[in-house]
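Here's the letter readout for the chains.
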Amino acid sequence: MSIKGKAFIAGVYEHPGRHLPDRTLPQIHADVALGALADAGLSTSDVDAYYSAGDAPGFGVLSMVDYLGLDCHYVNDTETGGSSYLVHAQHAATAIAAGHIDVALITLAGKPRTGGDAPGGSGRAGGAPEAPFESQWGMSVPGGYALAAQRHMHEFGTTSEQLAEIKVAASTHAQHNPQAFLQDVVSVDEVLESPMISDPLHRLDCCVITDGGGAMVIVSESVANRLTRHAIPILGTGSFVKSSQSGRIDLTHTGAVRSGPLAFAEAGVTPNDIDYVSVYDSFTITVLITLEDLGFCERGAGGQFVASGALRAPHGELPFNTDGGGLCNNHPANRGGMTKVIEAVRQLRNEAHTEVQVPDCELAVAHGTGGSLATRSASSTMVLGRSL
Amino acid sequence: MKLPAKAAQPNSENLPFFEGAEQGDLVLPRCNDCEFVIWFPREICPECGSQNVSWFKASGKGSIYSSTVTRRIPGGWSKVTPFVLAYVELDEGPRVMTNIVECDPEHVSIGDRVEAVFEEATNRDGESGPPLLRFRVTES
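Protein chains in written order, with the working numbering: chain A, 7 to 394; chain B, 587 to 726.
Honestly, the hints are just simulated from the structure, not real lab data.
All C-beta atoms, glycine included, are put in the ideal place defined by N, C-alpha and C.
A hint or two may mislead.
Examples of chain B residues lying across from chain A (beta carbon under 10 Å, computed) [said to hold, decoys possible]:
#1 610
#2 613
#3 656
#4 662
Generate the whole structure from the sequences, applying the supplied hints.
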């Protein structure tokens with residue numbers, strides 16, 4: 007059974023806030039849930055399935071179903087870090103294709119800018135079997151990704167200037183987004199002159215830290231057909247957990263080498279067919295490696311590919327993250343998967359900002375990466391179409 | 587500067603690794619069925635799924651697979667920047683996350699040969715615990 011064409015993204019919503027000290031976490035979940043349902047033309051009474059991850063407070067989906075006043079016979083709290091929401095979308099599409107549900111609501115919310123616990127089931131971390139061998143070395147999040155960047159540079163000659171171009175392209179897009187956390191266009195030199203965090207990653211190689219969230223509503227064909235809003239068909243999905251590879255970790259690729267081909271095959275398309283891509287951008291190196299893994303360029307050639315200006319909208323070879331992405335716009339709850347889907351939907355609806363709208367955008371990819379490239383991570387890829 | 591040294595809390599599954607560390611030895615698990623050298627230490631072989639595992643004394647030598655100089659970090663580690671976070675590929679195969687110590691951080695490179703050093707570690711109550719497996723460069 008394939009999910010191709012069985013499920014549709016009928017509503018999306020990105021919280022406009024980037025610093026929300028006066029809203030509770032459940033309130034932000036509610037803000038985005040109601041926003042996405044309104045976008046679809048639906049209400050909470052239509053929802054029969056609810057998904058969230060470690061960012062859902064309290065008892066997770068139980069607490070949130072209760073708080074939002076939902077009647078659900080299908081819930082799921084799969085936790086794969088920042089890619090969770092793409093995995094949820096895949097699971098929702100599967101359940102819709104099986105005829106189990108009609109309207110799935112997926113929410114993300116968090117307040118890392120305000121402070122407080124990071125999402126991700128910190129209560130579980132203490133018992134992780136790997137913890138006694140990984141938690142003693144002062145590995146910050148950037149430090150872990152820096153290890154991947156160093157190895158990629160060593161093997162393929164990738165340069166800091168090439169990585170910086172990814173940030174530059176994101177910033178040229180973000181200047182058109184009035185809600186973007188960072189709206190100033192930056193140059194390669196400005197990236198290289200920003201403080202070094204962990205070699206070779208500078209501050210401007212890192213994503214922003216923002217409060218906020220987002221939501222999407224995924225519906226069956228019968229529901230999509232009675233809505234007036236343009237619903238975006240899900241054409242293909244693929245996910246893969248890349249382990250630490252039995253202690254022989256290769257830091258130069260991600261699980262996208264497996265999730266991407268699954269999603270493209272299900273959709274019946276190739277990377278060459280894609281008009282726009284939302285690539286997970288926790289760090290510039292995340293983008294570069296993922297583009298290689300998804301087959302948008304040859305392995306090891308990511309540096310040259312991005313330096314060619316390929317990522318710049320609207321006329322680059324492969325415009326990416328036209329909202330400014332996690333590098334400039336928003337990385338709510340330290341998780342970028344939801345906003346990746348949202349901007350892909352905007353592009354396919356022809357509702358991105360006119361300066362960055364890709365002409366005749368028919369096929370888009372949204373891709374999420376969760377966990378850490380330095381240890382274990384989960385990749386999830388979704389191919390979306392303007393129409394079936 | 588001496589890096590923070592938080593002692594791990596061994597459990598019944600990984601205890602032989604930490605008992606080895608107390609003696610200054612790198613002790614690793616190996617699968618008795620497929621001979622795979624297992625990392626991180628556990629009593630299941632991630633290659634073949636066997637729980638038939640025994641422990642052996644490894645060489646403690648390897649080379650740097652990747653390394654980064656961390657210059658900005660929140661919390662206690664901010665007091666010891668710049669420091670080197672690395673993956674060391676042991677001569678027995680596993681790639682092990684660690685720190686490179688007793689070095690000038692600006693002169694640590696991928697490919698450098700290294701050897702294990704076991705550094706004293708203490709738990710939250712200040713009591714000594716199993717030493718930490720770090721590495722120093724022997725040949726760059």
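These are the hints, each one checked on the structure:
A least Cβ separation of about 17 Å between residue 610 of chain B and chain A goes past the 10 Å threshold, and the interface hint is therefore violated. Nearest Cβ of chain A to the Cβ of residue 613 of chain B: about 13 Å, over the 10 Å cut. The hint is violated. Because the smallest distance between the Cβ of residue 656 of chain B and any Cβ of chain A comes to about 4 Å, under 10 Å, the interface hint for this residue holds. The criterion of a C-beta within 10 Å of any C-beta in chain A is met by residue 662 of chain B, whose closest approach is roughly 9 Å, and the hint holds.
In summary, the structure is inconsistent with hints 1, 2 from the numbered list given earlier, while agreeing with the others.
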